[in-house]
Amino acid sequence: MSDPIIKIENMNKWFGDFQVLKNIDLSVEKNKKIVVCGPSGSGKSTLIRCINRLEEHQEGTITVDGTELSENTKNIEAIRAEVGMVFQQFNLFPHLSILDNCTLAPIWVKKMPKAKAEELALEHLNRVQISDQAQKFPGQLSGGQQQRAAIARALCMEPKIMLFDEPTSALDPEMIKEVLDAMVNLAKAGMTMIVVTHEMGFAKEVADEVIFMDEGMIVEKAETKEFFANPKNDRTKLFLSQIL
Amino acid sequence: MRSISFNQIQSKNPLTNMYLGSFLLAISIFDVLIYAFFNTNILSFLPSKLSTFLPLVLGFIGLGIIRMEYSGIAILDKLNKNINTNNFNALLTLLIIFAFIKATPPSLSWMIFDANISGDTKEACTGTGACWTYIKVWFKRFMYGMYPNDLHWRINSAFILVIALGFVGYFFKENMKKYLALYYVIIYPIIAFLIIYYLISGGSFGLVWVETGAWGGLSLTFIVSFFCLIFCFPLGMILALGRRSNLPAVRYISVGYIEFWRGVPLITVLFMSSVMFPMFLPEDFFMDKLVRVIIAITLFEAAYCAEVIRGGLQALPRGQYDAAKSLGMGYWKMHIFVILPQALKLVIPGIANTFLALVKDTPLIFVVGLAEIAGMLALAKTNPKWLGFAMEGYIFAAIIFWIICYAMSKYSYNLENKYKTER
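Line order of the protein sequences matches chains A and B. So for the first sequence, the working numbering puts the first residue at 63; every next one is plus one. So for the second sequence, the working numbering puts the first residue at 17; every next one is plus one.
Treat the hints as calculated values from the structure; they're not laboratory data. Any given hint could be a false lead.
[Said to hold, decoys possible] Quick list of the computed label-pair ranges, beta carbon to beta carbon:
{"no.": "1", "chain 1": "B", "residue 1": "ASN369", "chain 2": "A", "residue 2": "ALA232", "range": "51 to 59 Å"}
{"no.": "2", "chain 1": "B", "residue 1": "GLY88", "chain 2": "A", "residue 2": "GLN197", "range": "38 to 46 Å"}
{"no.": "3", "chain 1": "A", "residue 1": "GLY122", "chain 2": "B", "residue 2": "TYR268", "range": "28 to 36 Å"}
{"no.": "4", "chain 1": "A", "residue 1": "GLU277", "chain 2": "B", "residue 2": "LYS189", "range": "21 to 29 Å"}
[Stated by the list, open to error] From the structure, some residues in chain A lie toward chain B, with a derived Cβ separation under 7 Å:
{"no.": "5", "residue": "GLY103"}
{"no.": "6", "residue": "SER107"}
{"no.": "7", "residue": "ILE238"}
Each residue gets a CB set at the ideal place from its N, CA and C atoms; glycine is no exception.
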């Protein structure tokens with residue numbers, strides 16, 4: 063097996079006096095798909111936000127693609143450019159068209175020529191099947207379309223890793239499927255993914271491993287089949303019985 | 017009449033109601049009109065108190081009768097919805113209409129019918145109304161201050177050039193658009209300064225030197241406002257970002273700056289700039305009074321701009337910052353491409369507010385001896401040959417300021433609409 067692309071060792075994080083993450087150990091190998099689930103407030107989102115340093119951790123080490131994240135990390139932007147992120151609230155830039163949303167970072171961060179960036183953006187928009195909406199503004203799109211545009215925007219940076227922070231939680235039920243389909247396609251194309259979600263169907267379909275978190279700790283980590291068939295921890299059993 | 021309630025009439029026959037109500041309303045307005053314009057009281061046969069209040073009573077009843085839920089007549093429904101919703105509003109509406117009618121004839125006759133504009137001495141003003149001759153005679157002074165009459169073309173052409181250069185941005189090609197901000201923030205102010213310096217000040221290229229003390233009137237208002245506006249905005253933006261910075265030194269300097277300038281009155285700042293400031297400068301260092309005043313107002317207004325812009329920055333959801341960061345953008349790229357465009361769009365009304373206040377603050381420079389339009393008025397009204405026409409002068413200045421400010425606020429509305437992308 064190759065070296066893990068993300069390696070988290072003994073990581074702790076506090077918000078003020080409150081410890082949100084306790085002794086997290088996690089390693090993710092290239093092309094693996096990890097699903098993180100757990101009750102709200104268990105630290106799932108904070109964990110993946112730490113991976114591209116939108117949140118800072120206080121103890122332990124996080125290594126992404128060979129670079130350790132710390133206060134002294136000089137080129138945090140370079141690491142973030144390799145780690146795409148999709149948010150619960152889409153967070154598209156409302157003042158830019160969908161196409162400009164997608165080309166902004168490639169042009170200004172990766173210094174890509176505009177024509178090439180647009181070509182790339184259309185390719186990725188096509189991949190999530192909204193290339194016909196490229197000239198519209200985010201406010202004119204439905205939630206599902208916005209989330210797919212957000213996925214395309216992250217893909218335009220050609221990241222090595224994609225992080226999904228509850229990508230379907232803010233969507234109407236009938237729009238969840240179109241977003242999950244886009245994510246399944248992405249997973250099949252071999253992207254390394256960490257997905258925080260409550261969509262257990264998605265987990266069963268694409269995940270290599272499932273992590274269950276509660277109260278800031280990784281309670282259980284197992285291969286997908288094993289996780290759903292034989293949950294070991296009582297807390298996991300309770301959670302699964304409620305969610306399935 | 018007593019026994020029938022208004023509601024009953026309305027539900028049975030809205031059309032009759034409408035005719036009756038409008039008739040009563042028309043009579044009441046007609047009576048006031050006649051009284052205001054021809055000074056004849058057609059109701060003089062009635063006891064005095066009754067004849068005074070009868071229009072009000074009639075109008076009130078009239079509005080009461082035409083008030084109904086829905087009539088199907090567009091004008092009537094609009095009237096009912098906006099100015100005739102209940103008895104109290106009906107009364108207020110009538111009073112305002114009557115007051116307006118009453119005030120129209122005297123103001124019209126003062127401003128137009130009894131006013132004078134011919135001649136060019138005070139003696140030409142023989143009427144009881146306004147003396148526009150005064151404005152006519154002093155017009156050039158109000159526009160150009162003490163600037164020599166035969167050199168006014170220099171001011172005019174400088175302004176035309178500066179305005180023309182302001183529109184250059186519209187003709188930028190698509191691939192030049194990224195230099196737009198650079199042009200307006202740095203290049204344009206420098207060119208404008210050079211034009212005004214060489215053309216209005218003169219002193220080279222064979223043009224006679226005219227010291228800034230002679231500048232004045234509306235042209236000075238424009239010069240001061242123009243430079244203060246284009247300099248205070250970028251400075252305010254930097255201060256707003258500084259106040260939200262993670263670096264303590266930058267943050268405290270910004271906070272200190274903003275709180276200092278917001279805490280002192282503009283008039284003392286102007287005094288300091290023109291009286292105290294030169295004392296601290298070395299002997300051989302000379303800075304023109306006008307330049308010092310412009311710098312002082314710029315520094316002062318930048319603090320206000322900063323707080324307005326900070327309001328916009330704080331209104332943006334945190335997700336926008338997260339998204340920009342997650343795409344690998346650093347601090348400056350994030351702010352230039354994602355945060356500021358949205359924040360500035362949000363604060364257009366607030367910025368317009370600050371800018372309007374700035375333009376209307378410019379008359380304060382009179383305290384340091386610079387006479388822009390209101391200052392010229394103050395000088396003109398104390399001229400022994402032209403005593404007693406302050407009213408005309410101030411009305412004139414008010415109209416000029418109103419036009420400038422209205423144009424600015426109209427422009428800000430246009431900007432708001434232009435950058436509206438939500439839905």
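Results for each hint:
1. B/ASN369 - A/ALA232: 51 to 59 Å: Since the Cβ atoms of B/ASN369 and A/ALA232 sit about 35 Å apart, the hinted range of 51 to 59 Å is violated.
2. B/GLY88 - A/GLN197: 38 to 46 Å: holds, 43 Å
3. A/GLY122 - B/TYR268: 28 to 36 Å: holds, 33 Å
4. A/GLU277 - B/LYS189: 21 to 29 Å: Since A/GLU277 and B/LYS189 have Cβ atoms about 59 Å apart, the given range 21 to 29 Å is violated.
5. GLY103: With Cβ-Cβ at 18 Å, over 7 Å, it is violated.
6. SER107: violated, 11 Å
7. ILE238: For A/ILE238, the interface hint is violated, since the closest Cβ of chain B sits about 20 Å away, which is over 7 Å.
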